[in-house]
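Listed here are the chains, written in short residue letters.
There are 2 protein chains.
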Amino acid sequence: MLTIMPEQRRFSDSELTNMIHSAGLRPSIQRIAVFSLVANSRKHPSADEIFSELTKTYPSLSRTTVYNSLHALVDAGLVRGLEIECGNRHYDLAPQPPHSHFICRKCGKIFDMTIPSGISAAASPGFCVDSVDVYFKGVCPVCSKEV
Amino acid sequence: MLTIMPEQRRFSDSELTNMIHSAGLRPSIQRIAVFSLVANSRKHPSADEIFSELTKTYPSLSRTTVYNSLHALVDAGLVRGLEIECGNRHYDLAPQPPHSHFICRKCGKIFDMTIPSGISAAASPGFCVDSVDVYFKGVCPVCSKEV
DNA sequence: AACATTCTTGGAATTATTACAAAGTTAGTA
DNA sequence: TACTAACTTTGTAATAATTCCAAGAATGTT
Numbered sequence: 001m002l003t004i005m006p007e008q009r010r011f012s013d014s015e016l017t018n019m020i021h022s023a024g025l026r027p028s029i030q031r032i033a034v035f036s037l038v039a040n041s042r043k044h045p046s047a048d049e050i051f052s053e054l055t056k057t058y059p060s061l062s063r064t065t066v067y068n069s070l071h072a073l074v075d076a077g078l079v080r081g082l083e084i085e086c087g088n089r090h091y092d093l094a095p096q097p098p099h100s101h102f103i104c105r106k107c108g109k110i111f112d113m114t115i116p117s118g119i120s121a122a123a124s125p126g127f128c129v130d131s132v133d134v135y136f137k138g139v140c141p142v143c144s145k146e147v
Numbered sequence: 001m002l003t004i005m006p007e008q009r010r011f012s013d014s015e016l017t018n019m020i021h022s023a024g025l026r027p028s029i030q031r032i033a034v035f036s037l038v039a040n041s042r043k044h045p046s047a048d049e050i051f052s053e054l055t056k057t058y059p060s061l062s063r064t065t066v067y068n069s070l071h072a073l074v075d076a077g078l079v080r081g082l083e084i085e086c087g088n089r090h091y092d093l094a095p096q097p098p099h100s101h102f103i104c105r106k107c108g109k110i111f112d113m114t115i116p117s118g119i120s121a122a123a124s125p126g127f128c129v130d131s132v133d134v135y136f137k138g139v140c141p142v143c144s145k146e147v
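Chains A and B are the protein sequences, given in the same order. The first sequence runs 1 to 147 under this note's numbering. The second sequence runs 1 to 147 under this note's numbering.
Careful: at least some of the hints might be erroneous.
Pairs count within a copy or across copies, as identical chains cannot be separated in the list.
Taking lysine-lysine pairs in the DSS-like style, the calculated list, with each CA pair at most 27 Å apart, reads [stated by the list, open to error]:
1. LYS56 - LYS43
2. LYS137 - LYS43
3. LYS109 - LYS137
Hint data in this document are derived by calculation from the structure and do not stem from the laboratory. On a predicted model such as this, the values are computed, not experimentally measured, just so you know.
Required output: the full structure, derived from the provided sequences and hints.
Next comes the structure, spelled out in structure tokens:
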């Protein structure tokens, strides 16, 4: 049965800072801000959404910095890219229990969902599996109600 | 257990033509060529790969025509877009038994794999699921052997 | 054959992303 | 504190995939 994942707790800036530092990266203002948005907004934001949101607070922020930060965080294993919407990569906190994603084709919102059992454990003959992504597409409960 | 799907049979041009026609589309030379490449090459080609391949045979073919054809075929339910590699959509024959996809991060090849049973059937409270995509990433048997 | 519809074509426009080089910042060391 | 090296940010330019658009070509129907 596919259900919504329980909401994750928020991460304080000092926690995020520690995570970035432990990963061997400098916890710059920009990186913390980007990481915080990915980790604490449950929105699975795209690079552009992150940029738009953060320029409100940091007007001098460069788009390239957002991309740089995301790449660094992904390489460090702290953030994960979602390829659910081709040509518009979204980002999610990586250190989380396994879960799948549901994208609503009406409102575009992405939900964290449970992951069907039997998927992640699957071994394979000769294949070395690094990651598994499960994407559901359809209409979310809110949009289903609309006429 | 995750294994490679058995190879699908090839489709003749007249079969493809019928499928396109039944879908209410005109079976133009270009559409048949695009559809044939998606259905019969087991390569899960991207729009650019389709364009490169087909311009050998049809030098006047336009890139836009490839995109138009793919959109028409997707809308008709004959072809499915794979979002396995963000920013580079691949295409697969749609009328096939449910299966997942494995992409090798070394050679980029995409394999059709079995899909754990019970996934697509998964109902959900308030969510209306239209499609499920399962993407595995890792290293394929051939690339695993290389030093 | 005339006409309406559908399809193809090429070029321009958009959008997401990457490349690059210069300027700024930080950590470590003397 | 001053110095140095490594790392980061920034802005601009370049790519790459895709979409938009308008004109011409092909098709099906009467």
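Hint by hint, where does the structure go against what was stated? Just the numbers, ascending.
Going through the list in order, the structure violates no hint and respects every one.
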